[in-house]
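In case you want the letters, here they are:
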Amino acid sequence: MTRVRRGYIARRRRKKNSSLVSGFKGAHSRHTRTINQQTIRALFYSYRDRGRKKRYFRRLWITRINAVTRENQIFDSYSQFIHNLYKKQSFLNRKILSQIEISNNIGLSKISYKIIKPNKVNEERLK
Amino acid sequence: MATTIPTSAFIATPLRCSTGRSSAIWVQKAQFSASSSSLGVSLSLKRPSLRLVSVRCETNGAGMPVIPAEERWMYEESEINGPDIWNKTWYPKAADHVNTEKTWYIVDASDKILGRMASTIANYIRGKNLATYTPSVDMGAYVIVINAEKVAVSGQKRSQKLYRRHSGRPGGMKIETFDQLQKRIPERIVEHAVRGMLPKGRLGRTLFTHLKVYKGSEHPHQAQKPIPLPIRDKRIQFVKK
Numbered sequence: 001m002t003r004v005r006r007g008y009i010a011r012r013r014r015k016k017n018s019s020l021v022s023g024f025k026g027a028h029s030r031h032t033r034t035i036n037q038q039t040i041r042a043l044f045y046s047y048r049d050r051g052r053k054k055r056y057f058r059r060l061w062i063t064r065i066n067a068v069t070r071e072n073q074i075f076d077s078y079s080q081f082i083h084n085l086y087k088k089q090s091f092l093n094r095k096i097l098s099q100i101e102i103s104n105n106i107g108l109s110k111i112s113y114k115i116i117k118p119n120k121v122n123e124e125r126l127k
Numbered sequence: 001m002a003t004t005i006p007t008s009a010f011i012a013t014p015l016r017c018s019t020g021r022s023s024a025i026w027v028q029k030a031q032f033s034a035s036s037s038s039l040g041v042s043l044s045l046k047r048p049s050l051r052l053v054s055v056r057c058e059t060n061g062a063g064m065p066v067i068p069a070e071e072r073w074m075y076e077e078s079e080i081n082g083p084d085i086w087n088k089t090w091y092p093k094a095a096d097h098v099n100t101e102k103t104w105y106i107v108d109a110s111d112k113i114l115g116r117m118a119s120t121i122a123n124y125i126r127g128k129n130l131a132t133y134t135p136s137v138d139m140g141a142y143v144i145v146i147n148a149e150k151v152a153v154s155g156q157k158r159s160q161k162l163y164r165r166h167s168g169r170p171g172g173m174k175i176e177t178f179d180q181l182q183k184r185i186p187e188r189i190v191e192h193a194v195r196g197m198l199p200k201g202r203l204g205r206t207l208f209t210h211l212k213v214y215k216g217s218e219h220p221h222q223a224q225k226p227i228p229l230p231i232r233d234k235r236i237q238f239v240k241k
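Sequences listed follow chains A and B, in order. Following the numbering used here, the numbering of the first sequence begins with 1 at its first residue and continues without gaps. Following the numbering used here, the numbering of the second sequence begins with 1 at its first residue and continues without gaps.
Among the clues, some could well be false.
Unchecked claim - For lysine to any residue, the following SDA-like pairs were computed, each having C-alpha atoms within a straight-line distance of at most 20 Å:
{"id": "1", "chain 1": "B", "residue 1": "K128", "chain 2": "A", "residue 2": "R48"}
{"id": "2", "chain 1": "B", "residue 1": "K88", "chain 2": "A", "residue 2": "N93"}
{"id": "3", "chain 1": "B", "residue 1": "K128", "chain 2": "A", "residue 2": "Y86"}
{"id": "4", "chain 1": "B", "residue 1": "K93", "chain 2": "A", "residue 2": "I100"}
{"id": "5", "chain 1": "B", "residue 1": "K93", "chain 2": "A", "residue 2": "D76"}
To be verified - Derived, one-sided and incomplete: chain B residues facing chain A with beta-carbon distance under 8 Å:
{"id": "6", "residue": "W86"}
{"id": "7", "residue": "T89"}
{"id": "8", "residue": "K93"}
{"id": "9", "residue": "H97"}
{"id": "10", "residue": "Y133"}
Calculated directly from the structure, the hints in this document are not laboratory data. Note that the structure is a prediction, hence the values are computed from the model and not measured. Every residue, glycine too, gets a C-beta built ideally from N, C-alpha and C.
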């Protein structure tokens, strides 16, 4: 049989893969066999982390709200703040709350004053 | 409430002039001031007779440039309306965590319970009391601890709490009690406590360098004008029974 070259098929497939791992360190973006492995990992991680991204950000917002709530001392903690928020049937979500508190010095304390229930303990705090 | 609005938060993008229309009205001579931020180029003027005129573009009330409706497609949304703060969680820029502009706090450790004090210190160093807290960035403050040799522990810990270290060689474990270490190197006690409460990793190690512990009440950081660390823990004072 005559010699058959396969042409550009393999190269085309590998070029498609290598665009997914551009910028990876060392051999991971240069050698074809490691590129194969790294694309599988990259795609796996991006699939999995699209779900995790939502968790991470919610966690970050909660930490930020907790920090400011404790500083303001109107409520003792994030948990109390959120509990009162729900009791007042507010629809503000954590993302919005954390952006409010960063862009605006007193935004969160204004919200806290609105939702705090006046009773003996809280009346002392409000003074 | 000691929060300050970070410098990068939601400041309008540099003024951009829309095409031709408005710039012709304001500029007397075709000269740009050297501080115009929309150009990356600074022009040096050699002839003394020219007057420097700053380019002032039409802006609306919010400081954003007015872009006529026919030209809106040329610009991105953030250039037209400003950054979208409701859909992009704030992340600090370099200017928001410059070390020279961070607060310095000072704590007097005399008769304070070791762990409770270390916990508040670690919170402030990490920046967890700030609205701008970001886990991947060093947003925290500096903390000075003085009178470290007078830090207190409850119960029998003074003679029973062990500090261990290992030299790496077999049989190389060295053990000291709280008492002995306090006589030898009192600063190490507070440092050990706070280091255990900071994150472990590259960032944690840089955070640890923001803690300054001194025995005695003198410290060399008067120029930083440290303010007293606000401690809200009610059980932090050591009560002798």
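Problem - Which numbered hints fail - result: Numbers 1, 3, 5, 8, 9, in rising order.
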